[in-house]
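Participant: From just these sequences and the hints, can you work out the full model?
One line per chain: the protein sequences are A and B, in this order.
Those letters in the first sequence? Residues 53 to 332, per our numbering, in order.
Those letters in the second sequence? Residues 221 to 378, per our numbering, in order.
Since the hints were derived computationally from the structure, they do not count as laboratory data.
Among these hints, one or two may not hold up.
[As the list claims (entries may be wrong)] Label pairs and their in silico Cβ distance ranges:
{"id": "1", "chain 1": "B", "residue 1": "S307", "chain 2": "A", "residue 2": "F188", "range": "35 to 45 angstroms"}
{"id": "2", "chain 1": "B", "residue 1": "Q279", "chain 2": "A", "residue 2": "K123", "range": "31 to 41 angstroms"}
{"id": "3", "chain 1": "B", "residue 1": "H276", "chain 2": "A", "residue 2": "E99", "range": "34 to 44 angstroms"}
{"id": "4", "chain 1": "B", "residue 1": "I237", "chain 2": "A", "residue 2": "S225", "range": "47 to 57 angstroms"}
{"id": "5", "chain 1": "B", "residue 1": "I237", "chain 2": "A", "residue 2": "E150", "range": "32 to 42 angstroms"}
{"id": "6", "chain 1": "B", "residue 1": "I347", "chain 2": "A", "residue 2": "Q95", "range": "21 to 31 angstroms"}
Glycine included, every Cβ here is placed at the ideal spot set by N, Cα and C.
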Amino acid sequence: MSYVFTVSPDFTPDHLSGWYIFNTWLQKQSGEAIHLEMYNSFQTQREAIQNNQIDLIYANPFDASMLVREKGFLPLVKASGISDEAIIAVNIKNSVQEIVRLLSASNTSSDAFLFDAVTTDNPEIKSELQPRSADFRYKVAMTEDPDVNMMGMIMLEAGDLNAGNIQTHICDSYVLVAKQLLQGNVDFGIFLAEAYDDLSNMIKKQLRVLVRSQISVIHHSLMIGPKLADRREELQNLLITMNDNQKGKDILASLKFDSWVKVDDEEMEFMIDLMDALAT
Amino acid sequence: MIVDMKAEDITADYKEITLTLYGGITRKVLYTEIETPYPDGKLIVSTTDKNGVITHVNQAFIEMSGYTESELINSPHSILRHPDMPSAAFKDLWDTVNKGERWQGYVKNLRKDGGYYWVKATVIPNIRHGQVVGYTSVRRKPSRTKVEECIKLYPTLF
Ligand SMILES: Cc1cc2nc3c(=O)[nH]c(=O)nc-3n(C[C@H](O)[C@H](O)[C@H](O)COP(=O)(O)O)c2cc1C
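Facilitator: Okay, structure coming up:
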């Protein structure tokens, strides 16, 4: 029997060879044939998951809910000390210093509730702010990383921006998000914090961070599908002891990880609840 | 357990009022006009049992509320209840989550030092093995525009 392993598309480009080496190690250790299948978009990867073609996945937190609740996946491990955080950055010449009151009241109407039972369509209650023309749209550059975009949009929401009142520019990489900012094509960029930190100093000197998330409980996880469920403990043990020898350490280093730590069911359920609460 | 607020914990001029909480418990609260701004980039997270008794808080919750973790755990969530919040908001919260649905709203919370902070909260039921075992609230930084609307609207709901 052969199994299929895949990696969240946001994690592949920089670490592609690392994942192949990791997969070779995993096959040897588990005694199973495992084929590494890479997808270049979240869309095609989700289709493969829906068609039950995946048995092992290094999953984006955004997909964890679907994997666990619809497809019966179980968490194994996460990379120690690593969580997914987002950054909102602007061109250094941008006058915006803080994400607050970016729009006039007339543009905030798509979120017109104060608590679920009460809405404020009453014009006397709506705050008066500098009116902007009705067709004005801030431009926001981002990649397709679903969890980073979600965290980024939550930070922009504090300034009254939402999916309905911005114009999004989807880029293939974070370097391209930075370029859009440098060229003045967009007002805000949403970055994975780690990717922002890895930009060259040349680029970073021309950008300014408005806000960096400090959520610390949202992370990618290595997960197994139902066909591997009875191997869970054994695989977990292999992975958490991987950094006990030099060979394992080197493979982890090629993925820029120190070690794996166990993720139990409740930690995963908690993260899924959190993602659920944030998704709206 | 929930106890009266103490004058020595309060950092500025304060007003005093006695709130009647769920189940007829009363609590004397002392409150000031000092706002603590929502910390940028953070989420404030807590979990309760099915009765709204706190079972878990994160570090941002501890910092913003001004209470220690051990003061918060096992306390009813109304330990943060601010007298300026209309009770209709919390009735709506409980009616909504009791149906198994999510609730969202803008909430003014009371700190241990008598000050306050505004949040946008989302409360969802925690479902484990098909059963509701408790509730989690995740708060994010609220839009100032929305907070100003609440400041005008909430007093009309009493
Ligand atoms: C998960 C969860 C989080 C809550 N968070 C708050 C909160 O931050 N502040 C607050 O005043 N009430 C909060 N409540 C509502 C309280 O349980 C309570 O209903 C409210 O403070 C009003 O008090 P009362 O119901 O005793 O009248 C929360 C409830 C749940 C289930």
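Participant: Is the gap between the beta carbons of S307(B) and F188(A) within 35 to 45 angstroms?
Facilitator: holds (39 angstroms)
Participant: If I claimed the Cβ atoms of I237(B) and S225(A) lie 47 to 57 angstroms apart, would that claim hold in this structure?
Facilitator: Taking Cβ atoms as reference, I237(B) and S225(A) lie about 55 angstroms apart, which means the hint holds.
Participant: Holds or violated: 31 to 41 angstroms for the Cβ distance of Q279(B) and K123(A)?
Facilitator: holds (33 angstroms)
Participant: Check the following: the C-beta atoms of I237(B) and E150(A) are separated by a distance inside 32 to 42 angstroms.
Facilitator: Taking Cβ atoms as reference, I237(B) and E150(A) lie about 34 angstroms apart, which means the hint holds.
Participant: Does the Cβ distance between H276(B) and E99(A) fall inside 34 to 44 angstroms?
Facilitator: Because 36 angstroms falls inside the window, the suggested range holds.
Participant: Lying within 21 to 31 angstroms: is that true of the beta-carbon distance I347(B) to Q95(A)?
Facilitator: 28 angstroms Cβ-Cβ, so the 21 to 31 angstroms window holds.
Consistency with the previously given hints is maintained throughout, with no hint failing.
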